[in-house]
Amino acid sequence: MAVDVSIRIAGQAGQGIQSISAIMGKIFTRHGYYVFINQDAESRIRGGHNFDQIRVKDQPVYAIDDQVHYLICLDGNAVDSDLPDLIENGIMIYDGEKSNFRSDNPQHFSIPLEQIAEQAGKKIMVNSVATGAAFALMGFELQPLLDHLKEEFAAKGDEIVENNQNCASSGYRYVKENFIGVSADQIPTGSFSRQKMLLNGSQAMAMGAVCCGLKFFSAYPMSPATPIMEFIASVANQYNIILEQAEDEIAAINMAIGAAFAGVRAMTATSGGGFSLMVEGLGLAGMTETPVVVVVAQRPGPATGLPTRTEQGDLQFVIHASHGEFPRAVLAPGHAEQAFYLMAKAFNLAESYQTPVIVLGDQHLNDSYYTLDQLDLDQTPIDRGDINLDHQISSVKDYKRYAWQETGVSPRILPGRSKAVLYADSDEHTEAGHITESAEIRTRMVRKRMRKLEGMRSQMASPKIFPSKKADIVLLGWGSIYGAMKEAVNILNHEGIAAQMIHFSELFPFSAVPFLTEIKKKAKIFAVESNFTGQLANFFTAEAGRPVFHKILKFDGRPFAPREIVMRVKEQI
Amino acid sequence: MVSTQDFESDDPIAWCPGCGNFSILKALKQAFVELGKEPYEIAIVSGIGQAPKTPHYLRCNAFNGLHGRTLPVATGIKLANHELTVLAEGGDGDGYAEGGNHFLHAMRRNIDITYLVHNNQVYGLTKGQTSPTSGLGFVSKTSPTGSTSPPLNPLLLAIASDCSFVARGFAGEVEHLTRLISAAIMHRGFAFIDILQPCVSFNRVNTFKWYAERIYPVDEDTNFDSSDTMTAFAKAQEWGDRIPIGIIYRKQRPTLDGQQSAIRGKSLIRQKLDPAGFSSIFEAFK
Chain D
823 MAVDVSIRIA
833 GQAGQGIQSI
843 SAIMGKIFTR
853 HGYYVFINQD
863 AESRIRGGHN
873 FDQIRVKDQP
883 VYAIDDQVHY
893 LICLDGNAVD
903 SDLPDLIENG
913 IMIYDGEKSN
923 FRSDNPQHFS
933 IPLEQIAEQA
943 GKKIMVNSVA
953 TGAAFALMGF
963 ELQPLLDHLK
973 EEFAAKGDEI
983 VENNQNCASS
993 GYRYVKENFI
1003 GVSADQIPTG
1013 SFSRQKMLLN
1023 GSQAMAMGAV
1033 CCGLKFFSAY
1043 PMSPATPIME
1053 FIASVANQYN
1063 IILEQAEDEI
1073 AAINMAIGAA
1083 FAGVRAMTAT
1093 SGGGFSLMVE
1103 GLGLAGMTET
1113 PVVVVVAQRP
1123 GPATGLPTRT
1133 EQGDLQFVIH
1143 ASHGEFPRAV
1153 LAPGHAEQAF
1163 YLMAKAFNLA
1173 ESYQTPVIVL
1183 GDQHLNDSYY
1193 TLDQLDLDQT
1203 PIDRGDINLD
1213 HQISSVKDYK
1223 RYAWQETGVS
1233 PRILPGRSKA
1243 VLYADSDEHT
1253 EAGHITESAE
1263 IRTRMVRKRM
1273 RKLEGMRSQM
1283 ASPKIFPSKK
1293 ADIVLLGWGS
1303 IYGAMKEAVN
1313 ILNHEGIAAQ
1323 MIHFSELFPF
1333 SAVPFLTEIK
1343 KKAKIFAVES
1353 NFTGQLANFF
1363 TAEAGRPVFH
1373 KILKFDGRPF
1383 APREIVMRVK
1393 EQI
Chain W
21 MVSTQDFESD
31 DPIAWCPGCG
41 NFSILKALKQ
51 AFVELGKEPY
61 EIAIVSGIGQ
71 APKTPHYLRC
81 NAFNGLHGRT
91 LPVATGIKLA
101 NHELTVLAEG
111 GDGDGYAEGG
121 NHFLHAMRRN
131 IDITYLVHNN
141 QVYGLTKGQT
151 SPTSGLGFVS
161 KTSPTGSTSP
171 PLNPLLLAIA
181 SDCSFVARGF
191 AGEVEHLTRL
201 ISAAIMHRGF
211 AFIDILQPCV
221 SFNRVNTFKW
231 YAERIYPVDE
241 DTNFDSSDTM
251 TAFAKAQEWG
261 DRIPIGIIYR
271 KQRPTLDGQQ
281 SAIRGKSLIR
291 QKLDPAGFSS
301 IFEAFK
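Protein sequences appear in the order of chains D and W.
In this text, residue positions in the first sequence follow our numbering: the first is 823, and each later residue adds one.
In this text, residue positions in the second sequence follow our numbering: the first is 21, and each later residue adds one.
One thing to keep in mind: the hints can contain errors.
As the list claims (entries may be wrong) - Covered by chain D, per the in silico footprint, the following chain W stretches (three or more residues, Cβ under 8 Å):
id, segment
1, 78-86
2, 99-111
3, 139-148
4, 199-208
Hints in this document: simulated from the structure, not taken from any laboratory.
Please read these numbers as outputs of a predicted model, since none were measured by experiment.
The beta-carbon is built from N, C-alpha and C at its ideal position, and this holds for glycine as well.
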């Protein structure tokens, strides 16, 4: 029987919601399933109302489900706010002793979570009691949970391990002895294997960067990009990476530019607000032809916006950011696995074309956890472009940093690695890098830099078109919308409405012509985007010459669920 | 043996005749020769203004970046290749206005670079507006009735930020300035020199003559102790009839680059990448 079960853990910040979802996600991943964990959190450390939703499937999964099969409430407020999302006959666990909620429905199951925790271990271990109880309800064995708790808390000592195990066992037992409802959505215990990985988009991006030779990282912490910095910090010592926390995003990008100029792979990461401060530096990288990679993990703006939520509001911004004209590339992974591989592509493009590359994520991609099959390092060969990395000090004496080349890309040497000296300049400059006012040289230099766009355009992968069969309905999207859109297309086709999707993960320089033949000439194109204006839709209309009249847009800070897209397509046909 | 000839650039100089920058350029060349540095071993990061044109008029590696952003770029270069002698150079607008925050944090980090600020107390490149170091009441096109805010005291700020080398030079004393620059480059840590640089076009108050009548070497008093914070604070506040030049404050403390375990004797740019070693990174996620 196919498994597709969603479990929501709801409560206040600080109650250990994320630790439950991480434990469950890891156990399911190790027992044959694919999970997708979405975090819905407020911008606070304690209190409020947060939830994590774990979707467990026997197939790869990249999106949330709007139907919740199990609801685990860690406080009274969660019952009121989250019960409406529970499917009919779905199961809710709540602590009747801590809530005024009363129900005759046997599916609404009151467990004295706090009392059990106090007796079996410690009061704060309510989350272990709830996890044990949930496992019992889902028909999953207890032992994998006990084993995992041991692994998870081993560093904190035997007493904490035992207390957590006792809490989980007691919760499990309480369900076995008292639950009288019906649990239809079971998750059978599959066999144990440590092949697959569970990681979020930020970890995938950071790992992708490390695995393709990142040597220097500078950033100012900003949600939802901070986990990238934290992951790199955690492995910096092992992989000889220098990480510097900058005083602001202006310094962050300028430090990365300095390190890249000196000759190492360098990057920074931020969200839209921080990127607003970086745009001056982005132009500096373009003008000085310095390869730098910038991750922009979007969140709803403008200004501070919704710091812990999601949006795709910065596509047009990053394509146009900074004054003047210069080449850049923009990549936007659709899920964690793509995030890993696209980081290598970002660095290869940056160094091959000696220009900045932006990788666009968003809170939904960066904070969500995905189960991944094996990652393949052979798929990420390092291409450092035309650069002299000779170990000996070369005897070259005459060198022009911006020597004229048809491709726009001048050979690089590194400062201090030859007897020659090099000049890089943010002013318009000669081939040698000195300031110039010459109209002729200015014209040549602009052409030289902009020529790189053509080179990069030829490197952009085609969008993912799925399924290949042409259809009347075409969904158009980019970035983290991938999973929800793909499922929506499947549902539409299943319901007899022929649909196709076009998903872009390599957006700029944009090339629309080659794939226009793969969709019907008269297809109705629906842009599906998490923003107000339909930024890809407008861009697509301008670049591909195919107007996009239908837009399915959402800007409430929450991610799309597949059925939500299906419903809104149906409203418009 | 290097000579000042080795540092000659063929880029034509675009400063006003008589500009204080000429003597700073000369002092820089002399300091490099004194230290036996080859042009390719030096990288100078400059910002925007008249002072930041300096590296173009020298033969050495140069990154002429953005207004106020010299120090982050210089920090990145030094961390990626600590074998380079790295300097940052800019004016008072570049360093004390646009780049003020970077200045504070570069001092805090104690990155091993030398920072030269050509302080002419006026905006020269943009034809004479008020600067953060212009005197109270300074009249310019942006403060026609006189500047209403007192000047920033860069030396006080630096000492308070525990900058490990704080000095003041004067463009009219080339030999003294050469010695200061040499000492700054030799210093392990962030070395800062505020250089009094008369602007012959736009500053009619703080002229060569005005300075020449006031400056004195801080170490003429043999009891002066540059390691004493309180003495340094007192010296940094002297202004008016007598203006001290020389090393005002100096101490040794760990540098940012010196504390990087990633360097391990070999600069980052010289480390070979080993993709085979990366697969262990996946284990923690399985």
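Going down the list of hints, with the structure as the test:
no., hint, in the structure
1, 78-86, "holds (count 8)"
2, 99-111, "holds (count 5)"
3, 139-148, "violated (count 0)"
4, 199-208, "violated (count 0)"
Violated hints for the displayed structure, listed by number in ascending order: 3, 4.
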